[in-house]
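Chemist: Residue numbers (my numbering), protein chains in the order written: chain A, 1 to 405; chain B, 406 to 737; chain C, 738 to 1087.
Keep in mind that a hint or two might mislead.
Straight-line distance between alpha carbons at most 25 Å, and here's what the computed BS3-like set of lysine-lysine pairs gives [claimed, not checked]:
(1) C:1022 <-> A:30
(2) A:337 <-> A:294
(3) A:31 <-> C:1043
(4) C:1043 <-> A:24
(5) A:31 <-> C:896
(6) C:896 <-> A:17
(7) B:430 <-> C:1050
(8) B:628 <-> B:662
(9) B:604 <-> C:1042
(10) C:1035 <-> A:42
(11) A:30 <-> C:1035
(12) A:30 <-> C:896
(13) A:30 <-> C:1076
(14) A:31 <-> C:1076
(15) C:774 <-> A:31
(16) A:31 <-> C:1042
Hints in this document: simulated from the structure, not taken from any laboratory. Since this is a predicted model, take the numbers as computed values, not measurements.
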Amino acid sequence: MGKFIMPSLGSQMIEAKLIQWHVKPGDTVKKGDIIGEIDTEKGLIDIEVFEDGVISKLVAKEGEVIPVGSVMAVINGEGKTEKVTAKPAETPKESAKNVPGNGKQKVASKKQVAKSKEVPLHRIKASPLARRVTEDLGVDISKVKSSGKTGTIHRKDVEAYVQQQTADETFEKELDMAEHISKAEGKSMRQSIAAAMSQSNKEIPHYYLEIEIDMKAALDWLSNENQNRSVQERLLPPMMLIKAVANALTEVPQLNGFWTDETMHIEEGIHVGFAIALRQGGLVIPAILNADLKSLDEIRGDFVNMVSRAREGHLRSREISSATITITSLGERGAEKVYGVIYPPQVALIGLGKITDRPRAVDGSIGIRPTLSVVLAGDHRATDGHTGSRFLEKLNNQLQHPESL
Amino acid sequence: MTQVAKQTMTYRQAIREAMREAMLKDDRVFLMGEDVGRYGGCFNVSEGMLEEFGNERIIDTPLSESGFTGCGIGAAVTGMRPIIEIMTINFSLLAADQIINTAAILQYMSGGQFTVPIVIRMATGGGKQLAAQHSRSLEGWYAHIPGLKILTPATIEDARGMLWPALEDPDPVLIFENSTLYNSEGPLSGNGQVVDIEKAKIHREGADVTILTYGIGLQKSLKAAEELANQGIEAEVIDLRVLRPLDNETIFTSVTKTGRAAIVDEGWKSGGISAEISARITEELFYDLDDPVERICGMEVPAPYARHLEQASLPQPEQIVETIKKMGGLHG
Amino acid sequence: MNPHHAKKSIIMATKEKTTTVKKKTSVDKDRGLHLLKQMMRIRQLEEKAYELYTQEKIRGFLHLYDGEEAVAVGVIENLQKKDSIIATYREHGHALIRGISMESIMAELYGKAEGCSGGRGGSMHLYDKATNFLGGSAIVGNGLPMAIGVAMANKYENKQAIACCFFGEGAVDEGEFHESLNLASLWNLPVLFVCENNLYSMGMPFELAEAETNLVRKAKSYDMEADSVDGMDIMAVLNASEKAIDYVRENNKPYFLECKTYRYRAHSMFDPERYRSKQEVQEWKKKDPITTFADYLKQENLLDKKELDKLTKQVNEEVDAAVEFAENGTDEPLEDITKYVYSDSNNEKS
């Protein structure tokens, strides 16, 4: 049984009106016979049947508008009934696409419109390159002045700003932070840190030793102590660590000093450097001078003072350049272990991780203890693992007896 | 004192030598176009070749650009290696149906069955008071068409060396010779090395700004670069050499280095090859740009006859210098 | 090739041969049935294509050859393998008779990768390298310059091959026609120009388009040998084309052959044919090349109903098989879309 459908005569044809039938039910038709006439946008066109047979039913009515692909008549075929093209064309999908032009156009994605409104308007005119450089260097772009007539900030303006910044960082004219931080004029902080890091990595053969220190005793003592102190005066773990490190160094002085001219120069003064991240990005490492000789309270005082001045860029040159060893602590940031890179010409770096609760064997059973991972990075030219382990052991001891710090 | 004598030759001689060499090397190569034989070529490029190769291989055609270009295509499809010379790019519009509707798309349309290894040479460019119908630079227009390869030799070396690889290329290659260059002269070592037809070439290095150009623009850009250097600005000058496919790598590497680009193009600005290059640079290197991409192009006018008008309508070294100096991000 | 030798000297040098082939008025049974079947194959292919188009299996433009079968069959049957064919967008019949399988033509109409142009061309761009079938062009007149180029290369390489270029009478109005005839004659190129004059360039009637309606005279004005033949009569076309092809091949000179014919269907699918009357179509159908030839064969006792039914059945089976082949065809993978823009393997070059 064959179905006669409204033929498609072109991709733009959606539908047509049946003007008249030339046949009625019962008529015999042959392949190629014209059985009706349709009215399309291009004019009247004959429609022909593709098989022999007898018209059994006329479905479409004269005057009716019929979409392409719809059944118009049914033919009782004889002989060849099933056409090879048994599969119907993907008309459902296609006709969905060809839905009469009631303006079913894709509405501009609302998401896209919303997106453009979400982007904040940047009133500062700066070249993309300039913006990128400010991000890399941790510079606040709103502080950069344009040297051009149009007020646009270019790379050279950012570079000039950074240079200027490093120049007037301090109100004490003798300070020369720029000199410390950047060796060459105009070199950015990041670049010189990068340079130092690469140099360190390249030249210093690092070895790493790790110890997990049970901090329960230290922390218990700390909280006890702090109960009797005001907020400003309270003691914090970094302060304890500085003191503990300094004390340990008195017993293992080989880690305290500089590697220069192919030899180790052990320093008498123990000046513990502490790496401080700047809010804008970048790093400073002020030192607490003679930490071994200072009381915990004095260290506290120095530390607090140092951090605030570091963040404001008011450190003294001597404070920056004289660390004989450095502690870097990323515990606050969440790192559990820190494998640091030694700042030359120092020969050691102590990496402190986050104090986390860990299971430990305590008195023959498993307990949960606040544990601090300490990783010592050592310059293998100056010391070896033996020395390093001794140091860590001493450090541990110090922290197990916090009251003697 | 054994010094290899450096030959000097004109651009025109270089092309002639290239064609001669090709025809001596490969029997399938022949030259066809208006006045290429007895006239010696409208610009004298093929002088002497009819005598050397005979009229079977140097074919003078009637004024039938579409006819003889299509003929070249048919011959190429059937195994020959024709060099079609269309007198100027202005007349090529008469052959546009063959170039664009046949040569460029035959391979694609036939599902890869037929390739068109044809080379079409055309003179291009203005500046000689030949007025509006004889002065255009439409290389960028042709570079819009996928399926074509577009070459713009600007140096003696390229005039000499680009033809052979173009003939060897299985796809249609259009070679645009700026007619002002025909008389230019320069050294050529040895007997002309074969050059590639893929990469752009850095003619002058510099760290402050990248000048991208082709054809006659190269001379003008180098001149501008000299003047800029006197003012403390070091320009890197790049000859694009191939407008399709563009050598992205060389362009991007340079502009990343300098952070700023200026494109010099005798063609019109709107929708030209300068627009394409500018768009690419912005798409790829937005965050490396210290200044917007500048374009120094032909003015949006049909070529005027009067000398002062015509010269003003074409990019000149002074203009290039001016435009670059105004770039906000430069020192000095 | 000596394009610059004076034409006269060539004529003197190679005495123009007059054809010694006897005009065939009769044909043997095998040949007769073969010719009939070839025409029927074209007809059924076109009919099926029409039907499939209305069912949206075939898209784009579809230009059908119904009524013109005698021209394609009559000319191409006389060509040799080494010859080349350049045709137009109404080329299904030419492609089929040249030897491209109905399956691969149908698959091409469906846009499948198994099509003769890889699905890239569609109805208007059928190509086949193996049979030197150079398309398939949608720009009227566009194929003539390429045809003379093919002829030039053939002549240069002494292949004794000809380029056979089909086009409609509409092409006669395009500049490329005149350039090509002039060049072919001037340079003595072995091209056969076959003009299928079906009286309508889309909706433009022949009479209203030509200042000079005598196409033979037009061609002769290029100092070219030319003739005109009844394109509805297979035997006439066969004889005329044999004479023409021999001339071209032996003399290395072009020939223009006008075949007067008629297309029953519209220019393409979506065409209400306001430009001609239905009676006119019916009149021409009386001269239908297939039925008139079948009648002729019956008269000569070379064909009976049984044989005709057998041929019909064979042709229908071939058509059905072609449709099935196309229905089961595959789509070219999207990642290959930039393939063949250029010849290199990594094709995205811009």
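Chemist: Each hint: holds or not?
Modeler: Going down the list of hints, with the structure as the test:
Distance check on the hinted pair: residue 1022 of chain C and residue 30 of chain A sit about 17 Å apart at the alpha-carbon level, within 25 Å; holds. Our distance criterion of 25 Å between C-alpha atoms is broken by residue 337 of chain A and residue 294 of chain A, whose separation comes to about 28 Å. Pair hint residue 31 of chain A plus residue 1043 of chain C holds up; C-alpha atoms about 20 Å apart against a cutoff of 25 Å. For the hint linking residue 1043 of chain C to residue 24 of chain A, the alpha-carbon distance of about 33 Å lies beyond 25 Å, and the restraint is violated.
For the given pair, residue 31 of chain A sits about 47 Å from residue 896 of chain C by alpha-carbon distance, which is inconsistent with the 25 Å threshold. For the suggested pair residue 896 of chain C and residue 17 of chain A, the alpha carbons sit about 58 Å apart, so the restraint of at most 25 Å is broken. A C-alpha spacing of about 58 Å is found between residue 430 of chain B and residue 1050 of chain C, which places the hinted pair above 25 Å, so the restraint is violated. Restraint check for residue 628 of chain B and residue 662 of chain B: satisfied, since their Cα atoms lie roughly 22 Å apart, inside the 25 Å limit.
For the given pair, residue 604 of chain B sits about 70 Å from residue 1042 of chain C by alpha-carbon distance, which is inconsistent with the 25 Å threshold. For the suggested pair residue 1035 of chain C and residue 42 of chain A, the alpha carbons sit about 42 Å apart, so the restraint of at most 25 Å is broken. With a C-alpha separation of about 23 Å, the suggested pairing of residue 30 of chain A with residue 1035 of chain C holds against the 25 Å cut-off. For the hint linking residue 30 of chain A to residue 896 of chain C, the alpha-carbon distance of about 50 Å lies beyond 25 Å, and the restraint is violated.
Distance restraint check for residue 30 of chain A and residue 1076 of chain C: the Cα-Cα separation of roughly 46 Å exceeds the 25 Å cut-off, and the hinted pair is therefore not satisfied. Of the pairs offered as hints, the one joining residue 31 of chain A and residue 1076 of chain C is violated, with about 42 Å between alpha carbons and a cut-off of 25 Å exceeded. Of the supplied pair hints, the one linking residue 774 of chain C and residue 31 of chain A holds, its CA atoms being roughly 19 Å apart against a limit of 25 Å. Restraint check: the Cα-Cα separation between residue 31 of chain A and residue 1042 of chain C comes to about 19 Å, which is no more than 25 Å; the hinted pair holds.
In terms of the numbered hints stated before, the structure departs from hints 2, 4, 5, 6, 7, 9, 10, 12, 13, 14, listed from lowest to highest.
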